[in-house]
Amino acid sequence: MKKLIGFAIAMIFATTIVAQTESKATFKLPAVDIQNVNGAPFNTKDIKNGGKPVIITFWATWCKPCIKEHDAINEVYNDWAKETGVKMYSISIDNARSSKQVLPLVNGKGWDFEVLLDPNGDFKRAMNVNVPPHTFIVNGNGEVVWQHVGYLDGDEAEYIKVVKKLLKGETIN
Amino acid sequence: MKKNKVIVFQCIIIPLLFLKTTILFSQDFLSSGKVTGNTQIDAQYYSEDSKLGITDSSLNYKKFGMNGFANLIYTNGNFSAGARIEGFLNPMLGFDSRFEGIGVPYWFAKYKAGDLEMTAGHFYEQFGSGLILRSWEEWTLGYDNNIYGFNAHFSPYKGVMLKGLTGVQRYFWEPYENSNRGIVRGVDGNFFLNEMFGAMNESKTRIELGGSFVSKYEKVPQITYTNEMDSLAINAGDTVLWKIKKTYQLNLPYNVGSWAARANVALGGFNLYFEYAEKGNDPNATNSYIFKKGKAMYSTLSYSQKGLGIFLASKWIDNMSYKSKLSESGNPPMLDINYLPAISKEHQYSLATLYPYATQPNGEFGFQGQIIYTIPKNSTLGGKYGTTVSFNYSMARSIEKDTIISAVTGTQAGSDGYETKFFSVGDLTFYQDFNILLEKKVSSAFKFKAAFYNQEYNKHVIEDEIFDDKDIVKANIGVLDMTWKFDARNSLRMELQGLWTEEDDGDWAALMLEYNVSPKWFFAVQDEYNYGNPTEDKQVHYYNLSFGYTQESNRISLRYGRQRDGLLCVGGVCRYVPASTGLTLTITSSF
Numbered sequence: 048m049k050k051l052i053g054f055a056i057a058m059i060f061a062t063t064i065v066a067q068t069e070s071k072a073t074f075k076l077p078a079v080d081i082q083n084v085n086g087a088p089f090n091t092k093d094i095k096n097g098g099k100p101v102i103i104t105f106w107a108t109w110c111k112p113c114i115k116e117h118d119a120i121n122e123v124y125n126d127w128a129k130e131t132g133v134k135m136y137s138i139s140i141d142n143a144r145s146s147k148q149v150l151p152l153v154n155g156k157g158w159d160f161e162v163l164l165d166p167n168g169d170f171k172r173a174m175n176v177n178v179p180p181h182t183f184i185v186n187g188n189g190e191v192v193w194q195h196v197g198y199l200d201g202d203e204a205e206y207i208k209v210v211k212k213l214l215k216g217e218t219i220n
Numbered sequence: 270m271k272k273n274k275v276i277v278f279q280c281i282i283i284p285l286l287f288l289k290t291t292i293l294f295s296q297d298f299l300s301s302g303k304v305t306g307n308t309q310i311d312a313q314y315y316s317e318d319s320k321l322g323i324t325d326s327s328l329n330y331k332k333f334g335m336n337g338f339a340n341l342i343y344t345n346g347n348f349s350a351g352a353r354i355e356g357f358l359n360p361m362l363g364f365d366s367r368f369e370g371i372g373v374p375y376w377f378a379k380y381k382a383g384d385l386e387m388t389a390g391h392f393y394e395q396f397g398s399g400l401i402l403r404s405w406e407e408w409t410l411g412y413d414n415n416i417y418g419f420n421a422h423f424s425p426y427k428g429v430m431l432k433g434l435t436g437v438q439r440y441f442w443e444p445y446e447n448s449n450r451g452i453v454r455g456v457d458g459n460f461f462l463n464e465m466f467g468a469m470n471e472s473k474t475r476i477e478l479g480g481s482f483v484s485k486y487e488k489v490p491q492i493t494y495t496n497e498m499d500s501l502a503i504n505a506g507d508t509v510l511w512k513i514k515k516t517y518q519l520n521l522p523y524n525v526g527s528w529a530a531r532a533n534v535a536l537g538g539f540n541l542y543f544e545y546a547e548k549g550n551d552p553n554a555t556n557s558y559i560f561k562k563g564k565a566m567y568s569t570l571s572y573s574q575k576g577l578g579i580f581l582a583s584k585w586i587d588n589m590s591y592k593s594k595l596s597e598s599g600n601p602p603m604l605d606i607n608y609l610p611a612i613s614k615e616h617q618y619s620l621a622t623l624y625p626y627a628t629q630p631n632g633e634f635g636f637q638g639q640i641i642y643t644i645p646k647n648s649t650l651g652g653k654y655g656t657t658v659s660f661n662y663s664m665a666r667s668i669e670k671d672t673i674i675s676a677v678t679g680t681q682a683g684s685d686g687y688e689t690k691f692f693s694v695g696d697l698t699f700y701q702d703f704n705i706l707l708e709k710k711v712s713s714a715f716k717f718k719a720a721f722y723n724q725e726y727n728k729h730v731i732e733d734e735i736f737d738d739k740d741i742v743k744a745n746i747g748v749l750d751m752t753w754k755f756d757a758r759n760s761l762r763m764e765l766q767g768l769w770t771e772e773d774d775g776d777w778a779a780l781m782l783e784y785n786v787s788p789k790w791f792f793a794v795q796d797e798y799n800y801g802n803p804t805e806d807k808q809v810h811y812y813n814l815s816f817g818y819t820q821e822s823n824r825i826s827l828r829y830g831r832q833r834d835g836l837l838c839v840g841g842v843c844r845y846v847p848a849s850t851g852l853t854l855t856i857t858s859s860f
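Protein chains in written order, with the working numbering: chain E, 48 to 220; chain D, 270 to 860.
Calculated from the structure, these hints are not laboratory results. Think of the CB as a built atom: it goes at the ideal place given N, C-alpha and C, for glycine as much as any other residue. Hints should not be assumed to be uniformly reliable.
[Stated by the list, open to error] One side only, chain D facing chain E, incomplete, derived with CB under 8 Å:
(1) K303
(2) G306
(3) S398
(4) G578
(5) A611
(6) I641
(7) T657
(8) S760
(9) N785
(10) S787
(11) T857
[Unchecked claim] Capping the alpha-carbon separation at 30 Å, the derived lysine-lysine pairs in DSBU-like fashion look like this:
(12) E:K208 with D:K646
(13) E:K129 with D:K789
(14) E:K215 with D:K789
(15) D:K670 with D:K739
(16) E:K208 with D:K754
(17) D:K564 with D:K690
(18) D:K303 with E:K99
(19) E:K129 with D:K646
(20) E:K95 with E:K208
(21) D:K789 with E:K134
(22) D:K381 with E:K171
[Said to hold, decoys possible] Some chain D residues flagged as far from chain E (calculated, every beta-carbon gap over 12 Å):
(23) W442
(24) N496
(25) S500
(26) L519
(27) N524
(28) P602
(29) T680
(30) F691
(31) G695
(32) Q701
(33) D733
(34) G747
(35) G775
(36) R833
This is chain E alone, in the form it adopts within the complex (with noise of 0.2 Å):
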């Protein structure tokens, strides 16, 4: 009886172990409900990029960091999507007072990539986003692999570095 007790036990033990053993660095993107340039509905489930890496990037047209990054990677875009396919989604957070300016900005700017609304914050939280620009990579599987708070000139050879790096199946970090 001893015997089946303990066994139990370590029944329980063994498993207990196996179970906690697997661990992923990275995170699968949220989905969330937000909304295209336009402001019709939009889940983040659907940003894909048919199995190539994407970029993310968090900004707010009151952010000035965040305009001359998104001025600076556009300079770039067409070149970084030829090059490796990549694709960006740029996730504005500007709230109701400006979120109806991001579309007439982005095309006065002539801005190449995709643009999302997301005016009450909620895929910035589930992203886990303080301040913006804030940057990830999500890889083909849809999993963010690497992220980057802030914008210093110079930072968009970063992002494409870690595309490429992806590309080639390398480990990022």
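Model the placement of chain D on the given structure of chain E, informed by the hints.
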């Protein structure tokens, strides 16, 4: 013995097996899930500063302030749960002392089954543009009006989203009691016609309609007014003076309802948004206890094509302060059920944000127009890289009001307060801002931005709630922002700013130099000098030295100097900061 075995089996083995399945289940559940989070710590050491009038006693002997939070979110398939731990020990300067403490003001559990998503606990929600309901948080502002209760999102059909919620709002650290705040309930429907109707799938015109209803229940307090009248009477030949005292009580509504309807139409380069809202009678501390209904209208129209963006917005607001406790008013704003957007542009440069605008909920008309044009690359004016020019004009004015005075209270309280016509525009300017911004990249190594602003700021209205034109600040502001890029990693940015005004604190000049080593380091020196202050003692240099280090999603920065309150953007990140002198350490991290 046999009986004993059965007992052992029943009492030990069965529970163990049961326990095992529970552990297995929870282990499996936990191991396939993922925990993410973020944290931010702002710590300040305050120095005495005679120039700014900061002494140990003005600091209440709180030499050290710290605001911090840590957010944890656990996600496993369609299930997620999370919590935010907040601590204010002591609250930093500029934050209400009632925030002092540490605790968990926000936690939730959320599950999505098919087209239904349920949240229990605390949540943030917005109906339309938020005219009747918006709960949100902005850490750096110390703003959090989260709702604690239940929230459901249901999409019964493609293109249809229905939302329903009930709960109570956050008030510092105070737990809910029916005497300290009301209950908020609301429903919202959003209908994206192009997805709902097959025939419209391919249509170039995209139409979205929505509507919401929100109500607040509050166990209302008793508010009374007493009138005294003299009365002379003759009693047995003597004249007697009688005092007649009558006490009136405001008949305050337990339930205050509001509704809103909205439409968004997009066609080609055009996008039109319109929202109208009304609120039932809601006597409260903000509107001085008048029984008038509230009304609000907010609309935007934009046209854009590649290289050109045009934006127009207008709003009209009358008596739209809507809080879940009617006696709550003033600063910091708490228990707001709705959100009334300020219609002015949010600027990026520090002196341009010295005179910022805030919505006047008791009545205002606002208008904004903006044009953004990019002169194409390789043209005479556009140069090799193109040039972007933006014009922006915004204004906010009073609405027409014919005041009604109640015979009982002797004030507006208890009556409708005033009469107004929908969309009427009054004579009093609250705020006006005209600005132009030029952005040009000259070569691969040099780019600049130049901006000019002309602002009119009604200090009495915006800061003191005195509705006259006796204290209007008219300011001109110039900005030159230049960046030299030395190589792929090293760059230098210089910002020159000037603000000129005859009023308030007079003229300002600002200089900032920022050296960046991408992607990790920045160093900055900054000085804002109020050289034109009419009081010589207040001609203060607001100097700052700062540096920061970024390692992917970790960021540490250290700053020493004087900070006037406003929007701070250095080294790639923007946020609001309160006034202080001393050393500030900021750590942010996401994982």
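Now the hints, each set against the structure:
The beta carbon of K303 of chain D is positioned within 8 Å of a beta carbon in chain E (closest approach about 5 Å), and the interface hint is therefore held. For the restraint placing G306 of chain D at the interface with chain E, the shortest Cβ-Cβ distance is roughly 6 Å, inside the 8 Å limit, so the hint holds. The beta carbon of S398 of chain D is positioned within 8 Å of a beta carbon in chain E (closest approach about 4 Å), and the interface hint is therefore held. Annotation: interface hint on G578 of chain D holds; nearest CB of chain E at approximately 3 Å, less than 8 Å.
Given the 8 Å rule on beta carbons, the hint for A611 of chain D holds: about 6 Å separates it from the nearest Cβ of chain E. A cut of 8 Å between beta carbons decides the hint on I641 of chain D: the least distance to chain E is about 3 Å, and the hint holds. A cut of 8 Å between beta carbons decides the hint on T657 of chain D: the least distance to chain E is about 6 Å, and the hint holds. Among the interface hints, the one on S760 of chain D holds; its C-beta lies about 4 Å from the nearest C-beta in chain E, closer than the 8 Å criterion.
The closest approach between the C-beta of N785 of chain D and any C-beta of chain E is roughly 4 Å, which is under the 8 Å cut-off, so the hint is satisfied. A least Cβ separation of about 4 Å between S787 of chain D and chain E falls short of the 8 Å threshold, and the interface hint therefore holds. Hint status for T857 of chain D: holds, given a least beta-carbon distance of 5 Å to chain E, under 8 Å. Between K208 of chain E and K646 of chain D, the direct Cα distance comes to roughly 27 Å. Compliance with the 30 Å bound is thereby established for this hinted pair.
Pair hint K129 of chain E plus K789 of chain D holds up; C-alpha atoms about 28 Å apart against a cutoff of 30 Å. Proximity of K215 of chain E to K789 of chain D is assessed by CA-CA distance (about 25 Å); at most 30 Å being required, the pair is judged to hold. A hinted pair counts as satisfied when its Cα atoms are at most 30 Å apart, and K670 of chain D with K739 of chain D qualifies at roughly 19 Å. In summary, the hint linking K208 of chain E to K754 of chain D is supported, as the alpha carbons are separated by about 20 Å, within the 30 Å threshold.
At most 30 Å may separate the alpha-carbon atoms for a hinted pair to count; K564 of chain D and K690 of chain D meet this at roughly 11 Å. This hinted pair checks out: K303 of chain D and K99 of chain E have alpha carbons roughly 23 Å apart, not beyond 30 Å. For the given pair, K129 of chain E sits about 20 Å from K646 of chain D by alpha-carbon distance, which is consistent with the 30 Å threshold. Pair hint K95 of chain E plus K208 of chain E holds up; C-alpha atoms about 20 Å apart against a cutoff of 30 Å.
Between K789 of chain D and K134 of chain E, the direct Cα distance comes to roughly 25 Å. Compliance with the 30 Å bound is thereby established for this hinted pair. Proximity of K381 of chain D to K171 of chain E is assessed by CA-CA distance (about 19 Å); at most 30 Å being required, the pair is judged to hold. Here W442 of chain D stays apart from chain E, with its beta-carbon at least about 21 Å from theirs, past the 12 Å limit. For N496 of chain D, the shortest C-beta to C-beta distance to chain E comes to about 44 Å, beyond the 12 Å cut-off, and the non-interface label holds.
Under the 12 Å C-beta cut-off, the non-interface status given to S500 of chain D relative to chain E holds; the minimum distance is some 56 Å. For L519 of chain D, the requirement that its beta carbon stay farther than 12 Å from each beta carbon of chain E is met, with the minimum near 33 Å. For N524 of chain D, the shortest C-beta to C-beta distance to chain E comes to about 26 Å, beyond the 12 Å cut-off, and the non-interface label holds. The beta carbon of P602 of chain D is kept farther than 12 Å from every beta carbon of chain E, the shortest such distance being approximately 15 Å.
Chain E leaves T680 of chain D outside its interface by the beta-carbon criterion, the shortest separation being 33 Å against a cut-off of 12 Å. Distance to chain E confirms F691 of chain D as a non-interface residue, since its nearest Cβ pair spans about 21 Å, more than 12 Å. The beta carbon of G695 of chain D is kept farther than 12 Å from every beta carbon of chain E, the shortest such distance being approximately 22 Å. With a minimum CB-CB distance of about 17 Å to chain E, Q701 of chain D clears the 12 Å threshold, and the non-interface call stands.
With a least beta-carbon separation of about 23 Å from chain E, D733 of chain D lies farther than 12 Å from that chain, consistent with its non-interface assignment. For G747 of chain D, the non-interface assignment is confirmed: its Cβ lies about 17 Å from the closest Cβ of chain E, beyond the 12 Å cut-off. At roughly 26 Å, the least C-beta separation between G775 of chain D and chain E is larger than 12 Å, which holds for a residue marked as non-interface. In this structure R833 of chain D is separated from chain E by more than 12 Å, as the shortest Cβ-Cβ distance comes to about 18 Å.
Hint check: no violations occur; every hint is consistent with the structure.
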